[in-house]
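S.K.: Here are the chains, one letter per residue:
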Amino acid sequence: MALLQIQEPGGKQAKPLHRRAVGIDLGTTNSLVAASCGTGVETLPDSTGQHLLPSVVHYAKGKPPLVGGEAKALLVDDPLNTIASVKRLLGKSLSELKAKQDYLPFEFDEARADGAPAILTEAGSKDVVQISADILGALVARAEASLKGALEGAVITVPAYFNDAQRQQTKDAAQLAGLNVLRLLNEPTAAAVAYGLDSNDQGNVVVFDLGGGTFDVSLLSLKNGVFEVLATGGDTSLGGDDIDHAIAEWIAAQLQEPAGVAVPSMAKLRQLANAAKHELSDKTQATILINQFSALLEESTLKQLTADMIRRTITSCRRVLRDAGLTVAEIDNIVMVGGSTRMPLVRDAVAEFFGKAPLTDIDPDKVVAIGAGIQADMLIGNKSPDSFLLLDVNPLSLGIETMGELVEKIIPRNTTIPVAKAQEFTTFKDGQTVMSLHVVQGERELVSDCRSLARFELRDIPSMVAGAAKIRVSFQVDADGLLSVSAEELSTGKKAEIQVKPSYGLESSVIEEMLQDSQSHAKIDMEARSIKEAQLEATQLLDAIANALLVDGNLLSPEEADSLAESIKALETTMTTGSSVQIHAATEELNQVSSEFAAKRMDLHIANALRGESIDAMEKSTD
Amino acid sequence: MAISISSTAAAHVAEQLADRGHGIGIRVGVKTTGCSGMAYVLEFVDKLEVGDEIFEEQGVKIIVDPKSLVYIDGTEMDFVKHGVNEGFEFKNPNAKGECGCGESFSI
Numbered sequence: 030m031a032l033l034q035i036q037e038p039g040g041k042q043a044k045p046l047h048r049r050a051v052g053i054d055l056g057t058t059n060s061l062v063a064a065s066c067g068t069g070v071e072t073l074p075d076s077t078g079q080h081l082l083p084s085v086v087h088y089a090k091g092k093p094p095l096v097g098g099e100a101k102a103l104l105v106d107d108p109l110n111t112i113a114s115v116k117r118l119l120g121k122s123l124s125e126l127k128a129k130q131d132y133l134p135f136e137f138d139e140a141r142a143d144g145a146p147a148i149l150t151e152a153g154s155k156d157v158v159q160i161s162a163d164i165l166g167a168l169v170a171r172a173e174a175s176l177k178g179a180l181e182g183a184v185i186t187v188p189a190y191f192n193d194a195q196r197q198q199t200k201d202a203a204q205l206a207g208l209n210v211l212r213l214l215n216e217p218t219a220a221a222v223a224y225g226l227d228s229n230d231q232g233n234v235v236v237f238d239l240g241g242g243t244f245d246v247s248l249l250s251l252k253n254g255v256f257e258v259l260a261t262g263g264d265t266s267l268g269g270d271d272i273d274h275a276i277a278e279w280i281a282a283q284l285q286e287p288a289g290v291a292v293p294s295m296a297k298l299r300q301l302a303n304a305a306k307h308e309l310s311d312k313t314q315a316t317i318l319i320n321q322f323s324a325l326l327e328e329s330t331l332k333q334l335t336a337d338m339i340r341r342t343i344t345s346c347r348r349v350l351r352d353a354g355l356t357v358a359e360i361d362n363i364v365m366v367g368g369s370t371r372m373p374l375v376r377d378a379v380a381e382f383f384g385k386a387p388l389t390d391i392d393p394d395k396v397v398a399i400g401a402g403i404q405a406d407m408l409i410g411n412k413s414p415d416s417f418l419l420l421d422v423n424p425l426s427l428g429i430e431t432m433g434e435l436v437e438k439i440i441p442r443n444t445t446i447p448v449a450k451a452q453e454f455t456t457f458k459d460g461q462t463v464m465s466l467h468v469v470q471g472e473r474e475l476v477s478d479c480r481s482l483a484r485f486e487l488r489d490i491p492s493m494v495a496g497a498a499k500i501r502v503s504f505q506v507d508a509d510g511l512l513s514v515s516a517e518e519l520s521t522g523k524k525a526e527i528q529v530k531p532s533y534g535l536e537s538s539v540i541e542e543m544l545q546d547s548q549s550h551a552k553i554d555m556e557a558r559s560i561k562e563a564q565l566e567a568t569q570l571l572d573a574i575a576n577a578l579l580v581d582g583n584l585l586s587p588e589e590a591d592s593l594a595e596s597i598k599a600l601e602t603t604m605t606t607g608s609s610v611q612i613h614a615a616t617e618e619l620n621q622v623s624s625e626f627a628a629k630r631m632d633l634h635i636a637n638a639l640r641g642e643s644i645d646a647m648e649k650s651t652d
Numbered sequence: 176m177a178i179s180i181s182s183t184a185a186a187h188v189a190e191q192l193a194d195r196g197h198g199i200g201i202r203v204g205v206k207t208t209g210c211s212g213m214a215y216v217l218e219f220v221d222k223l224e225v226g227d228e229i230f231e232e233q234g235v236k237i238i239v240d241p242k243s244l245v246y247i248d249g250t251e252m253d254f255v256k257h258g259v260n261e262g263f264e265f266k267n268p269n270a271k272g273e274c275g276c277g278e279s280f281s282i
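Protein chains in written order, with our numbering: chain A, 30 to 652; chain B, 176 to 282.
Heads up, a few of these hints could be off.
Stated by the list, open to error - Taking lysine to aspartate or glutamate and the EDC-like style, the derived pairs with C-alpha atoms no more than 20 Å apart in a straight line are:
(1) A:Lys-177 with B:Glu-190
(2) B:Lys-236 with A:Glu-37
(3) A:Lys-499 with A:Glu-453
Derived by calculation from the structure, the hints in this document are not laboratory data.
Based on the provided sequences and hints, a complete structural model is requested.
M.R.: In structure tokens form, the structure reads like this:
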């Protein structure tokens, strides 16, 4: 029977059960967790009111890992067992990291067979997935205490440029922490979602993310509520840490000038530098005190120290715009992310480059987590009680029918949704003005073996020779699995579109069956496809020759005509019975035989075109 | 005459009542609708009506109006998950037929 929910008296819809889902910003320097708390999505503080959890883990013998501020405090005294910025190590091999040994003062576990970086600590060898999982675990514990119950799912953000290995390790870490990952969300997309920019119809958004350890700039294009990453850029080794480092070196230099002052450890210097930098966010100078020595850091000095780094961020912005083929004027919004964007020097440089003020209303440290939290809330079903079917990937490939009843897949199965993809197609016949689009779903190569979803037509295509028209077919699947397909003729902008819900009426058993079918028929399908393709090629050649014979058949000698007719017949027979190789051979044969004919026709037509024309007239006609 | 409830269903009712913050129990009943004649009613109860029967099972109050009771006497209420969908299910010994979608039933 249908499953019932308890209703409000009088038939009103009961408030849907709130399901616990969180958004997690797993950052290089700091991590956060956000969830919906009645009025909106907010980041969750720990018991002492801190929202930011430093992404630092300390391992001690026989004790559970210590995560966050307490671990960070041990960075100076116990650097070997205290691991910070583990995100930088994700998806990298040990040999890749060796070059940075001075920056990462750990002892790596050389004994590991797989070459994956693992750090030797008092509590044993810890690999990057484990360390990331320990950070996630601390956030989960915080969220579960705050939401009073187990989490049902989480959206975790990753940089837009993260490759598959890095994304997979992030997912592995989440799994290790016992989290159900609803989706990995690109950090810039999360930031744009936090500002509600996804509720706009369309627009271009630049997300400028200057965090602790990394600088990322992403250009997102929004169409119908779906963000597409047009271009990304940045610098994986540029961030607040580097600014701290520059200030720390400056302090060290100041100390060395008057003899006798012992230079403290680099970690201690960085702590001082960081404090001075924060002070300069709303003051023009900061005093640094070490023992009896004091140094005065002026805003102008900071500007000098950071000028090169800020210039690099702007260069990245320029490059991203160029990659996407957009100008500064075409950018609708700039979203600022990351604690370092609090620096007035950074904000000013961005505003100057884009010619408009960036969005800074939401705390730049929290904005990504908030966006992820909004997305998690939506995906778990708290936002739309009507749609209980949530797909985070499309279960079967979506595509369109092309000539010869073949399927061209546009969105392959298991693509995370929402997603938008486009491909260009062209006309098959000369003067073709209508294109019929048949949207299908499935893994098989032939249309008849796939599920038909919808058909529509694009009309009024300007008459052109076959292959000249450019028709862009875009597929877009939104978070609810709703597919919209549009076709646009690029020279006229003529457009047609249709919407379908591909998952509608599909049981998981049916999906399973379709997948198994495609696997067991893979070979047959491939052969069928290559035969169809060969047949198509043959048909096109036969059509062309038939047309030519009709017009210029008299050019051929009787022997030539006979030999041509023979080859045509041979191809026609092979076409219906032969293998793809045989059809290809017969097509090639006919091509050879007819080449003489083609040459004669060309001579004739050129001669005709030139006959009786003066040079002047020719020049005019080409004007 | 009685209605019973599984422990899973009782836990969900209790949780939803607690989430809602008020209400004395849930009402189970029938109304005429659907393609097979009769449909179940399942709602929170803030106020008792005259003639209501109250069954207390597993710490949850199930309230049934006398007219409905004849149709659903002996029904067992359960909470189940079917794939991603979850909700309450009634096992009604009186129901002779159900419509295809299971929204309604006939006696």
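S.K.: Decide, hint by hint, whether the structure agrees.
M.R.: Now the hints, each set against the structure:
Using a Cα cut-off of 20 Å, the hinted pair Lys-177 of chain A and Glu-190 of chain B holds, with the two alpha carbons roughly 13 Å apart. Under the criterion of a C-alpha separation no larger than 20 Å, the hint pairing Lys-236 of chain B with Glu-37 of chain A is consistent with the structure, at around 16 Å. Under the criterion of a C-alpha separation no larger than 20 Å, the hint pairing Lys-499 of chain A with Glu-453 of chain A is consistent with the structure, at around 6 Å.
Of the numbered hints given earlier, the model fails none.
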